[in-house]
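There are 2 protein chains.
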Amino acid sequence: MDNVVFCKMWQNHYREVHMTQPIRMTDDEVLWENIFITSITLQRARELELAQVGLSMAQAGVLYQLKIAKEPMNPMKISRRMHKQPHTISALVTRMEADGLVETAKDLERKNWVRVSLTKKGQEAFKRQITQKLARNVTSCLSKKEKDAMAPICNKLRARATGIIRQLQPDLYSDLLI
Amino acid sequence: MDNVVFCKMWQNHYREVHMTQPIRMTDDEVLWENIFITSITLQRARELELAQVGLSMAQAGVLYQLKIAKEPMNPMKISRRMHKQPHTISALVTRMEADGLVETAKDLERKNWVRVSLTKKGQEAFKRQITQKLARNVTSCLSKKEKDAMAPICNKLRARATGIIRQLQPDLYSDLLI
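For the protein sequence lines, the chains are R and E, in the order given.
Take any residue in the first sequence, count from 1 to its spot, add 102: that is its number in our numbering.
Take any residue in the second sequence, count from 1 to its spot, add 102: that is its number in our numbering.
Extracted from the complex, chain R is given alone in its bound form (with noise of 0.2 Å):
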């Protein structure tokens, strides 16, 4: 019912724009239009959820990276790897780093860098976002036939999009790896 509701509203989207504007736009187009509001949708169900566990989305991403870095972490490579602006990482390390979710040290192999781990509380932190499942397991709405057929999907997205990153900031991507 709710799938056919929304379909419904997803054309009157259209017909809307179409009728009262005329904006041509590619299948394509029509398609990332569709894609957009749908992941900022599932992003804002995921920012509820994880409120109710007192964190926000950025935070959750911070302490996400340092749980599963193999190797040390700096404000920089957290910022690359959550497709952020680094000044806007720095100042959200800073901003953790007084709510004791993080600690930052002097990183003793390269002078400059500030190595940035997860303290205790930043710990519980991590285990308090993963019992937040809702949006975690938004996809248990799909048919089989459907999931297996998103990976692929997703892996050409992040390639071409990553792709235009590049292109767009070159000098941003040359060691990432995520």
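Certain hints may be false.
The list treats identical chains as interchangeable, and a pair is accepted whether it falls inside one copy or across any two copies.
To be verified - Simulated pairs of lysine-lysine, DSS-like, Cα-Cα distance not exceeding 30 Å:
no.: 1; residue 1: K179; residue 2: K235
no.: 2; residue 1: K172; residue 2: K247
no.: 3; residue 1: K223; residue 2: K246
no.: 4; residue 1: K223; residue 2: K172
no.: 5; residue 1: K249; residue 2: K208
I should point out that these hints are in silico values taken from the structure, not numbers from a laboratory.
Given the coordinates of chain R, assemble chain E onto it according to the supplied hints.
Structure of chain E alone, referenced to chain R:
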């Protein structure tokens, strides 16, 4: 070639997660991570191409909502359609008015409402934004079959995510149309 490299990176990423930290994830949670990282990569690509014409994602979102609106828009309606906090959009609209992209006027029909509309400069900025087509055509890397699969998948995911949002924040979505 790019796709193959990317798949390997992705596999490494998950092997890394599972090897170094015993984070148990359902298949849906693995898929969520993939979708989430893909969506922030797509958004970053779009952000960079919008920066080429001097616009932020948030500004472009407001310009788009005002351009397609059939009814008078106020900051609250814009915030709902963009899945953002009302205070974030109010502050953004204030800055965009200072930049000459939008103008605000008291709503004649509903007191305490502010009607937001595009200025001529805002119309021109909207035209610039739709000239940036790389990210908006990102799905051109997909096969016809994959493209056809995307719309119903997006519709289901958006419906489910909207359900989660309503559950976590019931009052905000009572009159949301998109």
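30 Å Cα threshold - placement of K246 relative to K223: Close neither inside one copy (38 Å) nor across copies (48 Å); limit 30 Å.
One pair to classify: K249 and K208, alpha carbons no more than 30 Å apart. Within, between, both, or neither? neither (44 Å within a copy, 48 Å between copies)
First find the shortest C-alpha distance between K223 and K172 inside one copy, then the shortest across copies, and answer within, between, both or neither for a cut-off of 30 Å. So K223 and K172 pass the 30 Å test inside one copy only (20 Å; across, 49 Å).
Taking 30 Å as the upper bound on the Cα-Cα distance, should K172 and K247 be classified as within, between, both, or neither? neither (34 Å within a copy, 38 Å between copies)
What label fits K179 with K235 when the C-alpha limit is 30 Å: within, between, both, or neither? both (27 Å within a copy, 29 Å between copies)
The earlier numbered hints that this structure contradicts are 2, 3 and 5.
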